[in-house]
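A.B. asks: Here are the chains, one letter per residue:
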Amino acid sequence: MGSRASTLLRDEEIEEIKKETGFSNPQSLDFQKIPELAINPLGDRIINAFFPVGEDQVNFRGFMQTLAHFRPIEDNEKSKNAAVSEPLNSRTNKLLFAFRLYDLDRDDKISRDELLQVLRMMVGVNISDDQLGSIADRTIQEADTNGDNSISFTEFIKVLEKVDVEQKMSIRFLH
Amino acid sequence: MEVSTARRTGLVLIVFACSSLLHGSRGENSPKPTGSVTLLPPIVPDDGPQAFPDAEKANMPVFTMDYPRIQIPFEITMWILLASFAKIGFHVYNKITVWVPESCLLITIGLIVGAIMHSVHEEPPAVLNSNVFFLYLLPPIVLDSAYFMPTRPLFENIGTVLWFAVVGTLWNSIGIGMSLFAICQIEAFGVQDINLQENLLFAAIISAVDPVAVLSVFEDVSVNEQLYIVVFGECLFNDAVTVVLYNMFNFVAEMPVVEPVDVFLGVARFFVVGLGGMGFGILFGFTAAFTTRFTSRVREIEPLFIFMYSYLAYLVAELFSISSIMAIVTCALTMKYYVEENVSQRSCTTIRHVVKMLGSISETLIFFFLGVVTITTEHEWNWGYILFTLLFAFVWRGLGVLVLTQIINPFRTIPFNMKDQFGLAYGGLRGAISFALAFTLPENIGRKQLFITATIAVILFTVFLQGISIRPLIEFINVRRTNRNLDTINVEVHCRLMEHTMAGIEDLCGQWSHFYWKDKFMKFNNRILRKILIRDNRAESSIVALYKKLELQSAMEILDTVSGDISAAPSVVCLSEDKKGSAKPRKKFLAPDLKSMHEILSKNMYKIRQRTVAYTTKHALPNESQSREILIRRHASIRRSIRPGSFQSSTPSKSHKYFSLPAGKNLDSKFPPVRQSDTDDQETMSEAAYPSRHSRSVQPVRSSSSSRAMMPLRRLDTLTEVHSVDMVDESSGQDRGRPGRGTSRTNSASGDPQIPVRHRHGDNESGSADRSAEEEQRPSLAPPSWAVEPRDEAARNPLLRRPQWNSKV
Chain E
1 MGSRASTLLR DEEIEEIKKE TGFSNPQSLD FQKIPELAIN PLGDRIINAF FPVGEDQVNF
61 RGFMQTLAHF RPIEDNEKSK NAAVSEPLNS RTNKLLFAFR LYDLDRDDKI SRDELLQVLR
121 MMVGVNISDD QLGSIADRTI QEADTNGDNS ISFTEFIKVL EKVDVEQKMS IRFLH
Chain B
1 MEVSTARRTG LVLIVFACSS LLHGSRGENS PKPTGSVTLL PPIVPDDGPQ AFPDAEKANM
61 PVFTMDYPRI QIPFEITMWI LLASFAKIGF HVYNKITVWV PESCLLITIG LIVGAIMHSV
121 HEEPPAVLNS NVFFLYLLPP IVLDSAYFMP TRPLFENIGT VLWFAVVGTL WNSIGIGMSL
181 FAICQIEAFG VQDINLQENL LFAAIISAVD PVAVLSVFED VSVNEQLYIV VFGECLFNDA
241 VTVVLYNMFN FVAEMPVVEP VDVFLGVARF FVVGLGGMGF GILFGFTAAF TTRFTSRVRE
301 IEPLFIFMYS YLAYLVAELF SISSIMAIVT CALTMKYYVE ENVSQRSCTT IRHVVKMLGS
361 ISETLIFFFL GVVTITTEHE WNWGYILFTL LFAFVWRGLG VLVLTQIINP FRTIPFNMKD
421 QFGLAYGGLR GAISFALAFT LPENIGRKQL FITATIAVIL FTVFLQGISI RPLIEFINVR
481 RTNRNLDTIN VEVHCRLMEH TMAGIEDLCG QWSHFYWKDK FMKFNNRILR KILIRDNRAE
541 SSIVALYKKL ELQSAMEILD TVSGDISAAP SVVCLSEDKK GSAKPRKKFL APDLKSMHEI
601 LSKNMYKIRQ RTVAYTTKHA LPNESQSREI LIRRHASIRR SIRPGSFQSS TPSKSHKYFS
661 LPAGKNLDSK FPPVRQSDTD DQETMSEAAY PSRHSRSVQP VRSSSSSRAM MPLRRLDTLT
721 EVHSVDMVDE SSGQDRGRPG RGTSRTNSAS GDPQIPVRHR HGDNESGSAD RSAEEEQRPS
781 LAPPSWAVEP RDEAARNPLL RRPQWNSKV
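Chains as they are written, first to last, in the working numbering: chain E, 1 to 175; chain B, 1 to 809.
Worth flagging that the hints you see were computed from the coordinates, not collected in a lab.
Treat the hints with care, since some could be wrong.
The calculated lysine-lysine pairs, modelled on PhoX-like cross-linking and capped at a C-alpha distance of 25 Å, are [to be verified]:
{"no.": "1", "chain 1": "E", "residue 1": "K168", "chain 2": "B", "residue 2": "K336"}
{"no.": "2", "chain 1": "B", "residue 1": "K336", "chain 2": "B", "residue 2": "K95"}
{"no.": "3", "chain 1": "E", "residue 1": "K158", "chain 2": "E", "residue 2": "K168"}
{"no.": "4", "chain 1": "E", "residue 1": "K109", "chain 2": "E", "residue 2": "K162"}
{"no.": "5", "chain 1": "E", "residue 1": "K162", "chain 2": "B", "residue 2": "K419"}
{"no.": "6", "chain 1": "E", "residue 1": "K168", "chain 2": "E", "residue 2": "K109"}
It should be emphasised that the depicted structure is a prediction, and the values quoted were computed from it without experimental measurement.
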């Protein structure tokens with residue numbers, strides 16, 4: 001991370017970040033230093049997800065915004081922020097995060113290739129391409145409702161409607 | 001031929017010497033019932049007492065046998081072999097070990113052997129007494145568990161662990177003791193002569209949860225990490241409490257009156273025992289680490305130090321009657337980190353293997369002997385007492401876990417839910433430690449036999465019943481609570497994706513969230529400890545070190561696979577296959593297809609980074625193959641991208657598999673610049689100067705990165721490779737830029753371990769691969785390199801001139 005570039009946070013910034021992300025006490029990482037990410041099959045993509053499109057560095061604020069996706073959903077939050085735009089850790093936004101892990105070119109569709117790539121990353125070397133291909137086909141088939149051979153975000157949401165995403169994609173942070 | 005005659009005479013002399021020794025020794029040994037067969041000795045004139053004075057004439061003994069001399073080592077070896085054969089036997093029938101944990105099987109075999117021995121009125125091997133157990137059989141197991149314990153989760157949960165270990169054991173002992181005493185008052189059972197102290201003593205013995213038994217059962221049940229650490233840590237650390245309680249009650253049992261002073265002294269003793277154990281452990285751990293600092297010339301004996309120091313810690317603790325298990329555990333924990341940095345790779349492997357082996361042997365032997373001794377000791381059975389013991393052991397453990405969890409849950413970041421609590425309670429198996437403790441009960445306790453019998457009953461009950469049933473129960477609970485709905489493939493894949501993501505984010509946060517003490521310790525560690533204890537303190541990042549290790553082991557494989565792939569002739573076939581794939585009409589997926597898909601996915605998808613899985617397999621070293629695969633792939637992708645494009649292309653569709661990031665236009669800008677702290681790192685590497693230039697060139701390049709996002713990235717193919725070289729030449733005008741590809745290839749061949757570089761090349765490759773897939777008209781030749789429009793940069797800074805590599809920075 002551009003450690004040189006990130007400056008100390010000023011108080012106003014801290015306030016803003018508090019409001020936006022909901023963290024109560026923000027403070028200031030090099031991704032490459034984390035060995036566990038190197039052996040996580042999706043490590044690169046996870047790192048990638050922190051960087052906004054077109055940037056090669058992320059400052060602390062952006063980092064916190066991304067992490068904010070993973071806060072557990074609390075009930076009082078929902079009502080409080082009804083007027084404001086949806087909080088970063090809402091279910092939709094969590095799903096959007098996951099969606100973006102597939103969809104790197106940000107065209108709002110998971111194409112078969114993108115799916116294949118992710119599948120290949122997650123699966124060992126023992127699967128033949130054919131098998132993987134048919135798995136990918138089946139995945140698309142299950143999800144695709146408008147017949148464009150790719151999965152759009154709405155379709156993605158629909159497919160995962162029964163899954164407890166809120167619980168799966170939450171970390172309890174310390175503060 | 002003098003040599004041969006010399007040798008022959010030497011041989012004869014040796015034979016003589018041996019036979020004379022044999023004769024001598026035979027005279028001294030009392031004949032054992034296990035059959036010391038000896039041939040009648042021909043007379044050797046000048047020797048020891050003649051057992052058979054009227055023996056035959058003096059002929060040279062051609063064949064003699066002397067069993068008593070080798071009896072003890074021989075029997076030990078035979079027992080170990082027998083137990084190991086049993087182990088092999090179990091795994092031949094795979095089905096059994098799925099349902100029945102190995103410990104049960106071993107006990108069963110022991111029971112059978114014991115029965116056989118009993119029926120021929122044979123004595124159990126004299127080698128099994130509590131001394132042998134505590135001094136020889138127990139330390140390897142504890143060392144094994146401690147050495148492979150994951151330290152970070154342990155320290156994160158240390159509060160809970162200690163809470164359960166200390167308070168839990170106390171609760172159990174006192175609870176069981178009191179209730180048993182209450183039972184004793186009932187006349188019907190005929191055990192009224194057992195007073196309170198003795199009851200408490202007995203309770204202290206059987207409330208100790210045993211690491212040996214627990215581990216061997218939990219290895220098949222994949223519980224979550226938190227639960228595993230707590231149970232495991234509890235077993236190891238409750239030894240301190242057990243020792244204190246045992247000694248205290250032992251002491252007190254002999255006294256007619258108990259005074260409050262004694263209780264107070266007991267508490268004080270607890271602290272001495274616990275802290276003393278830890279202190280000794282740390283002391284020996286540091287000494288061992290310090291010693292290994294100087295062993296670079298004597299690599300062969302490096303593993304020896306580990307074992308000797310840990311054993312020494314154990315023995316010294318036993319000397320002072322403080323908790324030896326804690327001593328050896330802390331010693332191993334302390335030592336491991338520093339030692340593994342100091343010793344050579346081979347020594348490291350040796351240590352791990354030997355630790356595992358010793359632990360395995362000990363465990364096998366313990367369970368085996370448990371079975372044997374069960375049959376051969378005298379028992380005193382008392383239905384009431386024993387049954388109630390069982391009941392109370394169970395009940396109090398459950399209650400204890402319940403109450404304690406309620407109290408400590410608010411303090412935990414991840415509270416225990418009911419399922420965890422059940423696992424915790426049900427997994428409290430008693431084992432051999434209780435058994436050995438029962439045997440060391442002093443003789444003046446009237447009902448010693450009853451206690452022994454009761455202990456054995458509890459152990460057998462817990463190991464068999466709970467051990468066998470824990471797995472189905474946990475699975476049942478698991479299954480019942482989670483998905484009731486049938487998973488679609490989608491759900492499975494996406495859920496796994498989410499889980500991997502969460503694991504990654506957790507790791508990220510784990511690195512990021514600083515616990516105050518951990519931070520302090522790390523600072524202290526880096527500043528002081530490492531300097532003293534580690535040989536040459538190279539500040540390597542852990543990821544580079546990890547990569548280096550794996551690289552060393554798999555260099556050849558990589559070369560083979562990559563070269564095989566690369567040299568495949570380019571074919572348009574693959575491309576068309578791709579095209580065909582996307583245009584394929586919708587296949588009909590039948591149900592068996594679906595099922596096989598589910599199966600394939602569940603079997604082959606990488607498991608989430610679960611440290612527990614790796615460490616609960618007692619009989620295997622931690623399994624690094626998954627991480628190795630992932631890292632190999634990335635490495636392959638780097639190599640591929642580095643090879644000059646003149647090599648035939650790897651087909652785009654194939655290259656898809658390997659690249660972790662296909663990218664859009666702005667792939668180079670995705671990655672953070674190389675970490676600053678690693679510049680020295682890079683410079684020590686063998687590559688040419690360009691990687692270091694990477695880091696230094698971070699600043700200026702960054703500004704251009706955003707603009708680059710919009711830049712069309714030209715794809716070089718084979719023909720333009722020359723072109724790129726030219727560009728490099730003309731802009732930098734010196735050799736620095738030029739051999740770009742060539743040197744980088746050799747560089748990477750010589751082990752370029754850097755993740756940032758790897759990422760970039762990975763991007764490079766995959767980005768181009770992506771492109772090529774889209775633009776199918778283009779010949780699918782050498783893809784993997786971009787050339788960013790170089791012109792504008794060239795002007796700015798010749799240093800930055802390297803098209804692909806620099807631009808990533």
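A.B. asks: Check whether the Cα positions of E:K109 and E:K162 lie no farther apart than 25 Å.
C.D. replies: This hinted pair holds, its Cα atoms lying about 21 Å apart.
A.B. asks: Quick one, are E:K162 and B:K419 close enough, alpha carbons at most 25 Å?
C.D. replies: Holds - the C-alpha atoms of B:K419 and E:K162 are around 22 Å apart, at most 25 Å.
A.B. asks: Starting from E:K158, check that the Cα of E:K168 is at most 25 Å away, please.
C.D. replies: At roughly 17 Å apart (the allowed maximum being 25 Å), E:K168 and E:K158 satisfy the hint.
A.B. asks: Checking one constraint from the list: CA of E:K168 to CA of B:K336, max 25 Å. Satisfied?
C.D. replies: Violated - the C-alpha atoms of B:K336 and E:K168 are around 34 Å apart, more than 25 Å.
A.B. asks: Does the structure keep B:K336 and B:K95 at a Cα separation of 25 Å or less?
C.D. replies: With a Cα-Cα distance of about 36 Å, the restraint between B:K336 and B:K95 is violated, given a limit of 25 Å.
A.B. asks: Would you mind confirming whether the straight-line C-alpha gap from E:K168 to E:K109 stays at or under 25 Å?
C.D. replies: 23 Å, holds
Hint compliance for this structure: hints 1, 2 are broken, all remaining hints hold.
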